[in-house]
Amino acid sequence: MGKSFEEIDYRLRPSKNIERKMMTDMLGRLTHIRPLRDYRYIGFGSTYFSDHRLFHKELGINNMISIEQVFQDEERFRFNKPYDCIEIRIGKSRDELPELDWDVPTILWLDYEEKLMPYMFKDIEQFASSAPVGSVLFVTVNAQPTPRGHLDDEEDRLDRLKTEIGSENIPHGITKRDLRKWGTARVYRDIINQKIETDYLYPRNQGVPDDEQLEFRQLVNFHYQDNAKMLTVGGILYSDHIKEEYNNASFEQMEFVRSGEEEYTIKTPKLTFAEMRSLDKLLPKPLPDNEIPVPEEDKEAYAELYRYFPRFSETEI
Amino acid sequence: MPDDTSIEVNANPVKEFFINILTRDVKIIDTIPEFVDNSIDGASRIRDDEEYSGLYVNIELSEDRAVLTDNCGGIPRDIAENYAFRFGRPNEYTGEMDSLIGKFGVGMKRSLFKLGDYFLIESSTEDNHFVIEVDLDEWEEHDEWNFEMELVNPDEDERCELSEHGTRIVIEELDEQVSEKFEQDLFISRLSDKLTSKNRNYLKDGLQIILNDEPLGYTSIDLLKSDDLEPAYEVFQFEENGESVQVEIRAGLGESNPDEAGWYIFCNGRLVLEANTEEVTGWDGETIPKFHGEYNRFRGLVNFVSDDPGALPWNTTKTGVNPDTPVYQKARQEMQSTMRPIIDFMSDIAEQKKESESEEDVPLEVEVKKADPVDADELETVQTSFAAPDAEEEEESEGPETTHISYERPVEKVEEIKELLDITTNKEVGEKTFDYYYEFEVEEY
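Chains E and W supply the protein sequences, listed in that same order.
Going by this note's numbering, the first residue of the first sequence is number 1, and it counts up by one from there.
Going by this note's numbering, the first residue of the second sequence is number 1001, and it counts up by one from there.
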């Protein structure tokens, strides 16, 4: 039984790791829109600060905020803070975000672990209704469909979703069948994007000149599964005002960038170091038939994201 | 000396002003229900038994146009001429806008103006077939205030599409904002919610309403009922100036839900206030406390019924009540006295919860949970006051005096028992093993 390596995978979360590196790569292109040092990063750093570390080291962002709601562990968060430029704010994101100055171009990663809940709309609203053009938002939610056993008698998944987030937040045309398997993630993406466009940007755009009308241009639509099914949807606040700069950034060239409902699934083949080294020698060209004794689909998956693939090993830093 | 030209020139700003005033406070989402109301009026003209199966209203909204088609009998010519599309006489305009418009059909005219600059209404009844086609830009130019009704032969007029007796309304040249809204899936789903709750009673009676290809479903408002728990039902007749309104009140408990708790006010079956927990429905903080989380189970329904819609306490947009009308004043008083014992009962539950140290349901809650949800419309229509289990009795009736046992045992063994008995808590392990011992070692002998 493969129980033990599954558990290791869960703790190290390779897909999450890859996602973070892909985001870093993509965010680097923001430099076409504004100098990266002008951006502020807001995330939920926890005790690890993985994204803060990465974005500071790779992108040179100094203005960083980490929001933590478990006030009991405040001391621990402060102890683990890797750089002095990270400001730790203790509180719920929906209370802390409105306290911030929103004139600053912002990269906000709402990296939730739960399924989509109404309180998240508050956070998203704060961003969409006040962040300046060129700001970037990522939202990560658990998109595991509600297990049948958790539904009440005669309740279906759509009923449950209505109870959870309110029928007024569910776009017309969604059926219970749409919520099966990865369907919940697809529906969540749709809801998040439509909430942004309809409820936050539409009112914000009233009376605003055409070239400053904001839209949310989706850039990522990640599906991955280290344990539960997860969705990350993200994009940039765009207006024609930054048309040229946006085009120069050429986000669409990146193989994982997705502007619509089609997702990019982060697949993480389980390979040994020896296998990866052998495959690396053949990359980045398309993998020809080769002798490496690894299933073809694992080879393909690896070829797609080898640049971001983590090498976990036991070490004491 | 006035001539025809000068009158035409003058008409424009007056009409523009008029349309502006008329549509200013109308929300886009409230316009479509007005047309559905018109269809329902038709349905109730051709079916007097409150049975609407086979009748439909089909609504198609898109970026370019709104089309509503029904087979609800059409608009009779006299109603169209005298009420639905008439605007009084502009010559006697004295600055009092209300006097310009009739009591009927305001909503529909207002909605037409709000949505677009062109509309076509086709109506087919037993007796005739007519078309009203209006281009608002042209209409504003003319001195004439009424819309021209053309009696047509449907076989020859290519604008006609109705094959059954009914009404078809087409609105084009949509206002930019309207067009944007009609494109939003979230707007459509909110409109769908609105139409569903507003027309709950008609959907129940078989009317089909279809919005962008999706039929709306009937959702009931459920009240809990058991041997010990009885929702209140009250009905009274209110007469004033020869107009009679029947007021029906139902109230009780439902599932605990802050979004659904409150009063639902209907006028002739149309929902005008939904889940209201404000002063207007009696939650005034004096006679009745302000609404609060402990009242999340409260549900109340009031239906005002009259042959004369003008006697009903709704506002002109049918989106709220007119709290100053005597009939509403009287009803509000009755609503307060109906809800009093229900509020008290919910306070008792809250009190028991406060005193209880365990996480388990308090006795009154247990009683409430035993009750079954019943569609409020299906309740017997016999005057009944709210009845509920007695708080003190429930506390006493817990059975023989009990005591607490607490002990420790190895986790592993406790887990084994849990698995064996298919239970999850330590408490259950204690109770089950105790009962088992008692049954075999004490009771048997």
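In case anyone wonders, no lab produced these hints; they're calculated from the structure.
Virtual Cβ for every residue (Gly too), placed ideally from N, Cα, C.
Certain hints may be false.
[Stated by the list, open to error] So the derived list for chain E, only partly shown, Cβ under 10 Å to chain W, looks like this: (1) Asn169; (2) Ile170; (3) Gly173; (4) Asp190; (5) Gln194; (6) Lys195; (7) Thr198; (8) Val208; (9) Glu212; (10) Asn248; (11) Ser313; (12) Glu314; (13) Thr315.
[Claimed, not checked] Pairs of lysine-lysine residues, derived as DSSO-like cross-links and limited to a Cα-Cα distance of at most 27 Å, are as follows: (14) W/Lys1353 x W/Lys1369; (15) W/Lys1225 x W/Lys1418; (16) E/Lys92 x E/Lys176; (17) W/Lys1418 x E/Lys162; (18) W/Lys1370 x E/Lys162; (19) E/Lys270 x E/Lys21; (20) E/Lys162 x W/Lys1204; (21) W/Lys1413 x W/Lys1353; (22) W/Lys1194 x E/Lys122; (23) E/Lys176 x E/Lys162; (24) W/Lys1353 x W/Lys1330; (25) E/Lys122 x E/Lys92; (26) W/Lys1369 x E/Lys122; (27) E/Lys229 x E/Lys115; (28) W/Lys1432 x E/Lys176; (29) W/Lys1370 x W/Lys1432; (30) E/Lys162 x W/Lys1194; (31) W/Lys1432 x E/Lys162; (32) E/Lys162 x W/Lys1413; (33) E/Lys176 x W/Lys1194.
Run the distance test for lysine 176 of chain E versus lysine 1194 of chain W: straight-line Cα separation, threshold 27 Å.
21 Å, holds
Has the given pair, lysine 176 of chain E with lysine 162 of chain E, been kept, meaning a C-alpha gap of at most 27 Å?
11 Å, holds
Take the shortest C-beta to C-beta distance between glutamine 194 of chain E and chain W; is it under 10 Å?
5 Å, holds
Starting from lysine 1353 of chain W, check that the Cα of lysine 1369 of chain W is at most 27 Å away, please.
15 Å, holds
Next item in the hint list is threonine 198 of chain E. Is there a CB on chain W closer than 10 Å to its CB?
5 Å, holds
Would the pair lysine 229 of chain E and lysine 115 of chain E pass a check requiring their Cα atoms to be no farther apart than 27 Å?
Answer holds: lysine 229 of chain E to lysine 115 of chain E is near 10 Å, not above 27 Å.
For the pair supplied as a hint, lysine 162 of chain E and lysine 1204 of chain W, is the alpha-carbon distance within the 27 Å limit?
Distance of about 21 Å is within 27 Å: holds.
Does the structure keep lysine 122 of chain E and lysine 92 of chain E at a Cα separation of 27 Å or less?
Holds - the C-alpha atoms of lysine 92 of chain E and lysine 122 of chain E are around 11 Å apart, at most 27 Å.
Below or equal to 27 Å on CA atoms is what counts here, so check lysine 1418 of chain W against lysine 162 of chain E.
34 Å, violated
Hint consistency between lysine 162 of chain E and lysine 1194 of chain W [alpha-carbon to alpha-carbon, up to 27 Å]
15 Å, holds
Are lysine 1225 of chain W and lysine 1418 of chain W close enough, with their CA atoms no more than 27 Å apart?
35 Å, violated
Is lysine 1353 of chain W close enough to lysine 1330 of chain W, meaning Cα to Cα at most 27 Å?
35 Å, violated
When the structure is compared with the earlier hints, violations turn up for hints 8, 9, 10, 11, 12, 13, 15, 16, 17, 21, 24, 26, 28, 31 and 32 and for no others.
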